[in-house]
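Residue numbers (our numbering), protein chains in the order written: chain L, 1 to 229; chain Z, 1 to 100.
Hints may contain errors.
[To be verified] Result set (SDA-like, lysine to any residue): computed pairs, CA atoms no more than 20 Å apart in a straight line:
#	chain 1	residue 1	chain 2	residue 2
1	L	LYS32	L	GLY46
2	L	LYS59	Z	GLY37
3	L	LYS59	Z	ILE68
4	L	LYS59	L	GLY180
5	L	LYS39	Z	LEU92
6	L	LYS202	L	ILE223
7	L	LYS59	Z	SER65
8	L	LYS202	L	ILE191
9	L	LYS59	Z	LEU21
10	L	LYS33	L	LEU21
11	L	LYS59	Z	PRO63
12	L	LYS202	Z	ILE83
13	L	LYS202	L	ARG227
14	L	LYS202	Z	TYR90
15	L	LYS39	Z	LEU97
16	L	LYS39	Z	ASN98
17	L	LYS39	L	ILE211
18	L	LYS59	Z	PHE16
19	L	LYS39	Z	GLY89
20	L	LYS59	Z	GLU69
21	L	LYS39	L	ARG214
22	L	LYS59	Z	LEU72
23	L	LYS39	L	THR213
[Claimed, not checked] Restraint-style ranges between C-beta atoms, simulated for each label pair:
#	chain 1	residue 1	chain 2	residue 2	range
24	Z	ILE58	L	ILE91	17 to 25 Å
25	L	LYS39	Z	MET1	33 to 41 Å
26	Z	GLY48	L	LEU11	14 to 22 Å
27	L	LEU169	Z	MET1	48 to 56 Å
28	Z	TRP61	L	ASN136	43 to 51 Å
29	L	ILE91	Z	PHE32	22 to 30 Å
30	L	PRO171	Z	ILE68	37 to 45 Å
Hint data in this document are derived by calculation from the structure and do not stem from the laboratory.
This structure is a prediction, so every number in the text was calculated from the model and none was measured.
Note that beta-carbon positions come from the ideal geometry of N, C-alpha and C, so glycine has one too.
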Amino acid sequence: MHIMEGFLPPLWAAIWWIVSLPFIIYGFIQLKKTFEENKDALPLLGICGALIFILSALKLPSVTGSCSHPTGTGLSAIMFGPYITTIVGFIVLLFQSLFLAHGGLSTLGANTFAMAICGPFLGYYVYRALRNTRLNMYITVFIAVALADLFTYIITALELTLAVPAGELGPGGLFATFLGVFAITQIPLAILEGAVLALVFKYIVDIRPDIITRMRIFSEEKIQAARGV
Amino acid sequence: MRYQFEIIVGIIVILFAGAFLYTASTNPDAEFEGSDGIGSAIISELTGIAEDDVTPLIPQWAPPSGEIESGLFALQAAFGGVILGLGFGYLLGQRRLNQN
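Extracted from the complex, chain L is given alone in its bound form (with noise of 0.2 Å):
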């Protein structure tokens, strides 16, 4: 989902900055509150942030004949909210910007936006609206990380339609046609980010079920029917 160093014009690049900054700013106060206030979250998120780095790290292979990369902010988004994920996504944006050349400075504010904001944003709602339905919580937690996942590609998608004249395909078919490049080949991909990281989660909740009550991520009833006690 990395938008190349110049590859959008200049006003769309400080556009999707100046969108980003006040989730970023945000983000730190949140994160330094987490850090003072609520020191024994801080290995779940050492553990949510890893997670980040090291599936966006995995270029996979897809159905589409090109490969993609999970995002693995779903998870991070659901234990502590979309704000401190904007921060650790972000961190990992801009290493991959400064020594991998994948997206730039330039364009890590659009980046920003599309992975560390929309996406864990995204999955954090949807989190939100089944946290207290009927639904299996790994299977909560797995369509909130895969929707996270697989949003980040179609925020990506729109930025670019938005930045690049559209041509003889209009803005719809050019929307499209980024659609079929990064969204197609995230769904397996999202499927998969999904089920590893509602597997992770259950590893969590199997070591640690009082944080997650504590952290209030889901009630003591929804865990204990999950883990079928």
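Model the placement of chain Z on the given structure of chain L, informed by the hints.
Leaving out everything else, chain Z in the frame of chain L:
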């Protein structure tokens, strides 16, 4: 069943790998290049500016070879792996302390 969840995830992983093998064998043209690059190619086509001629707005260092690039990606994943292990290790240790 004890490992029900693991089995389901395992099946999804196998299906994913199977989809890759199927695509690779039925579609010899598939090059499995990055979708980022394909997106860039479409933009180049539409704007009429060749990919190599796209000027960075902010100067950028690029890894000089694929080896160095993959090494840096491995480093990123390894860093994540270390933190992941630390986090789970900490949680397991905490549980043990609480039990005693």
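Structure-based check of all given hints:
1. L:LYS32 x L:GLY46: holds (14 Å)
2. L:LYS59 x Z:GLY37: holds (13 Å)
3. L:LYS59 x Z:ILE68: With a Cα-Cα distance of about 15 Å, the restraint between LYS59 (chain L) and ILE68 (chain Z) holds, given a limit of 20 Å.
4. L:LYS59 x L:GLY180: holds (18 Å)
5. L:LYS39 x Z:LEU92: Cα-Cα ~16 Å, so holds.
6. L:LYS202 x L:ILE223: holds (10 Å)
7. L:LYS59 x Z:SER65: Holds, at roughly 17 Å.
8. L:LYS202 x L:ILE191: holds (17 Å)
9. L:LYS59 x Z:LEU21: The hint holds at about 16 Å.
10. L:LYS33 x L:LEU21: holds (19 Å)
11. L:LYS59 x Z:PRO63: holds (17 Å)
12. L:LYS202 x Z:ILE83: With a Cα-Cα distance of about 18 Å, the restraint between LYS202 (chain L) and ILE83 (chain Z) holds, given a limit of 20 Å.
13. L:LYS202 x L:ARG227: With a Cα-Cα distance of about 9 Å, the restraint between LYS202 (chain L) and ARG227 (chain L) holds, given a limit of 20 Å.
14. L:LYS202 x Z:TYR90: holds (16 Å)
15. L:LYS39 x Z:LEU97: Within the cut-off at roughly 17 Å; holds.
16. L:LYS39 x Z:ASN98: holds (17 Å)
17. L:LYS39 x L:ILE211: holds (12 Å)
18. L:LYS59 x Z:PHE16: holds (13 Å)
19. L:LYS39 x Z:GLY89: holds (16 Å)
20. L:LYS59 x Z:GLU69: holds (12 Å)
21. L:LYS39 x L:ARG214: holds (13 Å)
22. L:LYS59 x Z:LEU72: Roughly 13 Å separates the two Cα atoms, so the pair holds.
23. L:LYS39 x L:THR213: Holds: LYS39 (chain L) and THR213 (chain L) sit about 16 Å apart, inside 20 Å.
24. Z:ILE58 x L:ILE91: 17 to 25 Å: holds (18 Å)
25. L:LYS39 x Z:MET1: 33 to 41 Å: The hint (33 to 41 Å, Cβ to Cβ) holds, given that LYS39 (chain L) and MET1 (chain Z) are roughly 37 Å apart.
26. Z:GLY48 x L:LEU11: 14 to 22 Å: At 19 Å between Cβs, range holds.
27. L:LEU169 x Z:MET1: 48 to 56 Å: For MET1 (chain Z) against LEU169 (chain L), whose Cβ atoms are near 51 Å apart, the range 48 to 56 Å holds.
28. Z:TRP61 x L:ASN136: 43 to 51 Å: Given about 47 Å between the Cβ atoms, the range holds.
29. L:ILE91 x Z:PHE32: 22 to 30 Å: holds (28 Å)
30. L:PRO171 x Z:ILE68: 37 to 45 Å: At roughly 39 Å between Cβ atoms, ILE68 (chain Z) and PRO171 (chain L) fall inside 37 to 45 Å, so the hint holds.
When held up to the earlier numbered hints, the structure conflicts with none and fits them all.
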